[in-house]
Amino acid sequence: KEADFEIDDSIATYYSGDPSIEEVFEAEGDYIKAETLSVELTKGEAPGGAYSDEFDIDGKKLKLGLRRV
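In our numbering, the protein residues as written are 1 to 69.
Think of the hints as simulated: they come from the structure by calculation, not from any bench. Every value quoted in this text rests on a predicted model; they were computed, and no experiment measured them. Wrong hints could be hidden among the right ones.
Listed below are the simulated EDC-like cross-link pairs for lysine to aspartate or glutamate, each with C-alpha atoms no more than 16 Å apart in a straight line [unchecked claim]: (1) Lys-43 with Asp-53; (2) Lys-33 with Asp-58; (3) Lys-43 with Glu-54; (4) Lys-33 with Asp-18; (5) Lys-43 with Asp-9; (6) Lys-60 with Asp-18; (7) Lys-63 with Glu-45; (8) Lys-63 with Asp-9; (9) Lys-63 with Asp-18; (10) Lys-61 with Asp-9; (11) Lys-60 with Glu-23; (12) Lys-63 with Asp-8; (13) Lys-61 with Glu-45; (14) Lys-61 with Glu-35; (15) Lys-33 with Asp-9; (16) Lys-61 with Asp-8; (17) Lys-61 with Asp-30; (18) Lys-43 with Asp-58; (19) Lys-60 with Glu-22; (20) Lys-43 with Asp-8; (21) Lys-43 with Asp-30; (22) Lys-61 with Glu-22; (23) Lys-33 with Glu-22; (24) Lys-33 with Glu-23; (25) Lys-60 with Glu-40.
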């Protein structure tokens with residue numbers, strides 16, 4: 001919602017952070033893509049111009065980036 005995307009937008013999702021959280025993204029990538037309507041799920045920093053935010057999950061850092069494709 002904060003990224004100002006429409007429900008029918010195709011998005012690319014970027015993630016980086018604590019290794020244990022990255023493992024979840026790697027193991028559950030297909031599920032995460034389906035639930036977020038992402039057409040891409042990429043480990044690493046989001047490119048310039050993408051919406052990004054940082055989260056603290058039980059003391060572990062996660063950075064997510066989203067961009068319209």
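So, going through the hints one by one against the coordinates:
For the proposed pair Lys-43 and Asp-53, the alpha carbon gap of about 15 Å is at most 16 Å, so the pair holds. For the suggested pair Lys-33 and Asp-58, the alpha carbons sit about 23 Å apart, so the restraint of at most 16 Å is broken. For a cut-off of 16 Å, the pair hint linking Lys-43 to Glu-54 stands: about 15 Å separates their Cα positions. A distance of roughly 20 Å separates the Cα atoms of Lys-33 and Asp-18; the hinted pair therefore is violated under the 16 Å criterion.
A distance of roughly 21 Å separates the Cα atoms of Lys-43 and Asp-9; the hinted pair therefore is violated under the 16 Å criterion. Using a Cα cut-off of 16 Å, the hinted pair Lys-60 and Asp-18 holds, with the two alpha carbons roughly 6 Å apart. For the hint pairing Lys-63 with Glu-45, the CA-to-CA distance comes to about 8 Å; that is within 16 Å, so the pair holds. The straight-line distance between the Cα atoms of Lys-63 and Asp-9 is roughly 21 Å, outside the 16 Å bound, and the hint therefore fails.
The hinted pair formed by Lys-63 and Asp-18 meets the criterion: a straight-line CA distance of about 9 Å does not exceed 16 Å. Between Lys-61 and Asp-9 the CA atoms are separated by roughly 27 Å; this puts the pair beyond 16 Å, and the hint is violated. At roughly 13 Å between alpha-carbon atoms, Lys-60 and Glu-23 fall within 16 Å of each other, so this suggested pair holds. Annotation: proposed proximity of Lys-63 to Asp-8 is violated, straight-line Cα distance about 24 Å (limit 16 Å).
Restraint check for Lys-61 and Glu-45: the C-alpha separation of about 13 Å stays at or below 16 Å, so the hint holds. Between Lys-61 and Glu-35 the alpha-carbon distance is near 21 Å, which puts this suggested pair outside the 16 Å criterion. The straight-line distance between the Cα atoms of Lys-33 and Asp-9 is roughly 13 Å, inside the 16 Å bound, and the hint therefore holds. A threshold of 16 Å between alpha carbons decides the hint, and for Lys-61 with Asp-8 the separation of about 29 Å lies outside it, so the pair is violated.
At most 16 Å may separate the alpha-carbon atoms for a hinted pair to count; Lys-61 and Asp-30 exceed this at roughly 22 Å. Between the alpha carbons of Lys-43 and Asp-58 the distance comes to roughly 20 Å, so the proposed pair goes past 16 Å and is violated. Straight-line distance between C-alpha atoms of Lys-60 and Glu-22 comes to about 11 Å, which keeps the hinted pair within the 16 Å bound. At roughly 23 Å between alpha-carbon atoms, Lys-43 and Asp-8 are farther apart than 16 Å, so this suggested pair is violated.
At most 16 Å may separate the alpha-carbon atoms for a hinted pair to count; Lys-43 and Asp-30 meet this at roughly 14 Å. Straight-line distance between C-alpha atoms of Lys-61 and Glu-22 comes to about 10 Å, which keeps the hinted pair within the 16 Å bound. As the CA atoms of Lys-33 and Glu-22 are separated by approximately 14 Å, the hinted pair is consistent with the 16 Å bound. A hinted pair counts as satisfied when its Cα atoms are at most 16 Å apart, and Lys-33 with Glu-23 qualifies at roughly 15 Å.
Taken as a hint, the Lys-60 and Glu-40 pair is broken in the structure, with Cα atoms around 23 Å apart against an allowance of 16 Å.
Of the numbered hints given earlier, the model fails hints 2, 4, 5, 8, 10, 12, 14, 16, 17, 18, 20 and 25; all others are met.
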